[in-house]
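**Student:** Using the sequences provided together with the hints, build the complete structure.
Number of protein chains: 2
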Amino acid sequence: MGDIKAMDKLMDKFRSRKDELYKQKEEGKKVFGLFCSFVPIELVLAADSIPVGLCGGKDSTIPAAEEDLPRNICPLIKSSYGFKKTKACPYFEAADIVVGETTCDAKKKMFELLEKFVPMHVMQIPHFKDEKSFKLWLSEVEEFKELVEKSTGNKITDDKLKESIDKVNKMRKLFYKIYELRAKDPSPIKGADALKLFQFAYLLDVNDTIAILEELVEELKERVANNKGHKGKRILISGCPMVAGNSKVVDLIEECGGIVVGEESCTGTRQFENLVEGYTVEDLARRYFNITCALAFKNDNRIKRIKELVKELNVEGVVYYSLQYCHTFNVEGVRVEEELKKEGIPIIRIETDYSESDKEQLKTRLEAFIEMI
Amino acid sequence: MGDIKAMDKLMDKFRSRKDELYKQKEEGKKVFGLFCSFVPIELVLAADSIPVGLCGGKDSTIPAAEEDLPRNICPLIKSSYGFKKTKACPYFEAADIVVGETTCDAKKKMFELLEKFVPMHVMQIPHFKDEKSFKLWLSEVEEFKELVEKSTGNKITDDKLKESIDKVNKMRKLFYKIYELRAKDPSPIKGADALKLFQFAYLLDVNDTIAILEELVEELKERVANNKGHKGKRILISGCPMVAGNSKVVDLIEECGGIVVGEESCTGTRQFENLVEGYTVEDLARRYFNITCALAFKNDNRIKRIKELVKELNVEGVVYYSLQYCHTFNVEGVRVEEELKKEGIPIIRIETDYSESDKEQLKTRLEAFIEMI
Numbered sequence: 001m002g003d004i005k006a007m008d009k010l011m012d013k014f015r016s017r018k019d020e021l022y023k024q025k026e027e028g029k030k031v032f033g034l035f036c037s038f039v040p041i042e043l044v045l046a047a048d049s050i051p052v053g054l055c056g057g058k059d060s061t062i063p064a065a066e067e068d069l070p071r072n073i074c075p076l077i078k079s080s081y082g083f084k085k086t087k088a089c090p091y092f093e094a095a096d097i098v099v100g101e102t103t104c105d106a107k108k109k110m111f112e113l114l115e116k117f118v119p120m121h122v123m124q125i126p127h128f129k130d131e132k133s134f135k136l137w138l139s140e141v142e143e144f145k146e147l148v149e150k151s152t153g154n155k156i157t158d159d160k161l162k163e164s165i166d167k168v169n170k171m172r173k174l175f176y177k178i179y180e181l182r183a184k185d186p187s188p189i190k191g192a193d194a195l196k197l198f199q200f201a202y203l204l205d206v207n208d209t210i211a212i213l214e215e216l217v218e219e220l221k222e223r224v225a226n227n228k229g230h231k232g233k234r235i236l237i238s239g240c241p242m243v244a245g246n247s248k249v250v251d252l253i254e255e256c257g258g259i260v261v262g263e264e265s266c267t268g269t270r271q272f273e274n275l276v277e278g279y280t281v282e283d284l285a286r287r288y289f290n291i292t293c294a295l296a297f298k299n300d301n302r303i304k305r306i307k308e309l310v311k312e313l314n315v316e317g318v319v320y321y322s323l324q325y326c327h328t329f330n331v332e333g334v335r336v337e338e339e340l341k342k343e344g345i346p347i348i349r350i351e352t353d354y355s356e357s358d359k360e361q362l363k364t365r366l367e368a369f370i371e372m373i
Numbered sequence: 001m002g003d004i005k006a007m008d009k010l011m012d013k014f015r016s017r018k019d020e021l022y023k024q025k026e027e028g029k030k031v032f033g034l035f036c037s038f039v040p041i042e043l044v045l046a047a048d049s050i051p052v053g054l055c056g057g058k059d060s061t062i063p064a065a066e067e068d069l070p071r072n073i074c075p076l077i078k079s080s081y082g083f084k085k086t087k088a089c090p091y092f093e094a095a096d097i098v099v100g101e102t103t104c105d106a107k108k109k110m111f112e113l114l115e116k117f118v119p120m121h122v123m124q125i126p127h128f129k130d131e132k133s134f135k136l137w138l139s140e141v142e143e144f145k146e147l148v149e150k151s152t153g154n155k156i157t158d159d160k161l162k163e164s165i166d167k168v169n170k171m172r173k174l175f176y177k178i179y180e181l182r183a184k185d186p187s188p189i190k191g192a193d194a195l196k197l198f199q200f201a202y203l204l205d206v207n208d209t210i211a212i213l214e215e216l217v218e219e220l221k222e223r224v225a226n227n228k229g230h231k232g233k234r235i236l237i238s239g240c241p242m243v244a245g246n247s248k249v250v251d252l253i254e255e256c257g258g259i260v261v262g263e264e265s266c267t268g269t270r271q272f273e274n275l276v277e278g279y280t281v282e283d284l285a286r287r288y289f290n291i292t293c294a295l296a297f298k299n300d301n302r303i304k305r306i307k308e309l310v311k312e313l314n315v316e317g318v319v320y321y322s323l324q325y326c327h328t329f330n331v332e333g334v335r336v337e338e339e340l341k342k343e344g345i346p347i348i349r350i351e352t353d354y355s356e357s358d359k360e361q362l363k364t365r366l367e368a369f370i371e372m373i
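Protein chains in written order, with UniProt numbering: chain A, 1 to 373; chain S, 1 to 373.
Because the hints were derived from the structure by calculation, they are not lab data. Note that the structure is predicted; figures quoted are calculated from it, not measured. One or more of the hints may lead you astray.
Okay, derived cross-link-like pairs now, PhoX-like style, lysine-lysine, Cα gap no bigger than 20 Å in a straight line [what the hints assert, rightly or not]: (1) A:Lys135 <-> S:Lys132; (2) S:Lys116 <-> A:Lys342; (3) S:Lys132 <-> A:Lys132; (4) A:Lys341 <-> S:Lys116; (5) A:Lys304 <-> A:Lys129; (6) S:Lys132 <-> A:Lys129; (7) A:Lys173 <-> A:Lys221; (8) S:Lys228 <-> S:Lys184; (9) S:Lys129 <-> A:Lys132; (10) S:Lys5 <-> S:Lys196; (11) A:Lys311 <-> A:Lys231; (12) S:Lys311 <-> S:Lys233; (13) S:Lys135 <-> A:Lys132; (14) A:Lys87 <-> A:Lys116.
Output of the computed footprint for chain A on chain S, the stretches with three or more beta carbons under 8 Å from beta carbons of chain A [claimed, not checked]: (15) 102-108; (16) 111-121; (17) 324-338.
Built from N, CA and C at the ideal position, the CB exists for glycine as well.
**Tutor:** Structure, rendered in structure tokens:
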């Protein structure tokens with residue numbers, strides 16, 4: 001038992017989720033396996049279906065993947081492919097259809113190979129943020145809606161869509177509240193626990209996630225009122241997602257006297273920020289279009305947002321996190337570092353994979369950084 | 001002096017090109033620096049301007065690039081960035097504007113940094129080959145036309161466009177003829193020489209290229225008639241471009257008893273295949289949209305084309321060539337290998353950079369492959 005009860009509930013729910021998912025499947029619900037926070041889960045939910053995040057966070061399935069894929073692509077992609085190939089992930093096995101996207105070169109091309117193992121639908125995400133790119137994206141979202149309707153046999157009515165938009169917005173608002181509370185010093189929750197929230201939110205039933213987040217908000221409020229929490233150098237993580245199975249860098253930071261108070265990533269802010277502002281498919285598409293993934297050419301909104309988060313969360317240093325061979329986040333890190341340094345914000349850039357082999361070296365670098373700030 | 005006179009002329013033209021280019025600049029012509037065979041050079045030519053290919057093929061500028069960029073991105077990208085950073089390339093220095101594109105993650109993000117050194121315009125290339133992606137691409141081509149007109153002050157009239165489309169088509173048809181002649185055994189031209197043609201065609205005045213190709217076609221016809229040429233295991237290279245400065249793998253193949261008879265690459269077929277079928281901007285955009293770069297999701301036309309080339313050119317083995325960390329070509333290589341093996345076509349996949357360090361190892365592998373086929 002930890003010191004936060006809602007976290008224990010989260011773990012309980014996670015432990016029972018697999019059986020529950022297979023039960024829902026038996027009852028006729030379709031499972032959509034997703035790889036990216038760009039895919040509008042509202043459409044899946046509105047068709048009485050189940051979205052689950054499938055990104056792989058473990059080293060163990062990478063050797064099997066490397067029998068097919070080049071070694072020098074990102075560990076998340078190899079791990080995910082390996083999970084399917086070795087049938088090692090019950091969530092992946094539960095998926096009736098897998099929805100891919102064109103976020104990055106290696107994922108896009110990996111999906112071509114994954115299709116051997118599972119039915120796929122791939123969405124094209126434009127690189128630019130102009131209106132003609134939005135039009136393309138909107139038609140991708142409309143096509144996805146049709147696909148969901150067709151493959152489930154359930155019509156996504158306006159009412160159903162409104163209901164699911166409200167529900168997912170509610171979850172987002174709760175994450176916002178948790179971020180507000182993490183802005184306090186001491187921070188009422190450890191970064192390692194917050195990361196679990198984001199990771200499991202991709203796997204749990206959204207109603208359960210909401211119930212847990214509601215309890216957590218109340219508990220964290222109480223902790224803040226009682227001045228209970230974690231002190232340490234306040235760190236913002238920024239960059240690639242850290243999906244279930246991967247918490248290496250957060251763990252290292254918190255071992256070295258840091259406390260992670262925010263995650264500018266797809267297991268963090270990109271997962272919940274910006275509400276859907278309306279109830280049409282276009283409103284929905286717009287919210288997702290605005291996600292500040294490094295895939296975008298001239299992703300200035302992301303850099304702006306990192307600076308805001310540094311202020312909002314009283315951050316003392318930024319750990320810029322790239323998965324190995326993730327060109328978009330890796331190269332964008334050059335600009336992020338330049339821009340933060342201009343404002344005197346300490347930043348360290350690290351690039352790592354899922355192995356244990358660089359742990360000591362990373363720890364030495366992170367210790368030095370945390371001591372220095 | 002080599003045994004093909006047109007090749008000597010090509011080298012002469014190349015040697016005088018730099019001075020000529022600066023003279024044309026002094027006379028008021030604008031120079032457009034390009035990085036990709038997706039950029040429609042017809043529009044540049046129709047505005048009385050000069051297109052030059054700027055991709056870097058040398059190791060020497062990579063250390064300077066690695067001061068800014070991550071090490072593990074492709075050597076072409078690092079070399080190109082390094083050329084601009086160190087002002088080491090007279091063609092790059094001549095460019096009034098550089099036209100980038102979103103072919104791959106690392107190039108897209110590198111262009112954000114390159115803008116510090118030179119004015120940039122970046123074109124969005126869609127990942128999909130459906131009609132809504134074509135619409136996006138068409139509007140990118142239209143925008144590029146406007147940009148060319150605005151930055152040169154020259155209107156691209158219908159007549160001017162027709163003239164430049166005819167001219168570039170003429171060059172393409174000559175390359176087709178050269179490929180027909182290379183299909184003969186013995187092949188009338190070495191792969192190392194053919195590669196120079198493709199490399200220099202990105203740098204020379206298109207009229208000069210056409211004149212040289214016309215002479216070359218006549219010369220090669222004569223050589224074929226006289227049964228003059230090169231015998232050896234007939235190799236098709238398939239994959240990434242080999243831009244000026246980089247001929248490592250072709251040289252190795254031809255040292256090991258192979259003769260390169262075709263290049264399925266942007267320094268090869270992708271540079272000249274498919275004519276523009278009409279005189280509108282839409283016709284022009286269509287030709288470029290059909291380029292079979294590995295950036296495309298489900299790039300089946302490329303695989304089909306490789307198989308055709310194997311037949312057309314009487315190829316005995318395919319050397320699949322990826323630049324290091326080029327995720328698109330690297331991962332697509334898995335499918336290409338699968339598909340060729342199904343048809344009993346020998347293939348070896350190699351991944352390399354611009355350094356000399358893997359030369360011996362590559363040679364050993366290529367020797368074994370060539371002996372085996």
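**Student:** Hint by hint, say whether it matches the structure.
**Tutor:** Structure-based check of each hint:
1. A:Lys135 <-> S:Lys132: 9 Å, holds
2. S:Lys116 <-> A:Lys342: Holds, because 16 Å separates the two Cα atoms, which is no more than 20 Å.
3. S:Lys132 <-> A:Lys132: 11 Å, holds
4. A:Lys341 <-> S:Lys116: 17 Å, holds
5. A:Lys304 <-> A:Lys129: Judged against 20 Å, a Cα distance of about 15 Å means the pair holds.
6. S:Lys132 <-> A:Lys129: 17 Å, holds
7. A:Lys173 <-> A:Lys221: 15 Å, holds
8. S:Lys228 <-> S:Lys184: Roughly 10 Å between the alpha carbons, so the hint for lysine 228 of chain S and lysine 184 of chain S holds.
9. S:Lys129 <-> A:Lys132: Distance ~17 Å between lysine 129 of chain S and lysine 132 of chain A Cα, so the pair holds.
10. S:Lys5 <-> S:Lys196: 14 Å, holds
11. A:Lys311 <-> A:Lys231: 17 Å, holds
12. S:Lys311 <-> S:Lys233: 14 Å, holds
13. S:Lys135 <-> A:Lys132: 9 Å, holds
14. A:Lys87 <-> A:Lys116: 13 Å, holds
15. 102-108: holds (count 5)
16. 111-121: It holds: at least three residues are needed, and the region 111-121 of chain S offers 3 whose Cβ sits within less than 8 Å of chain A.
17. 324-338: holds (count 10)
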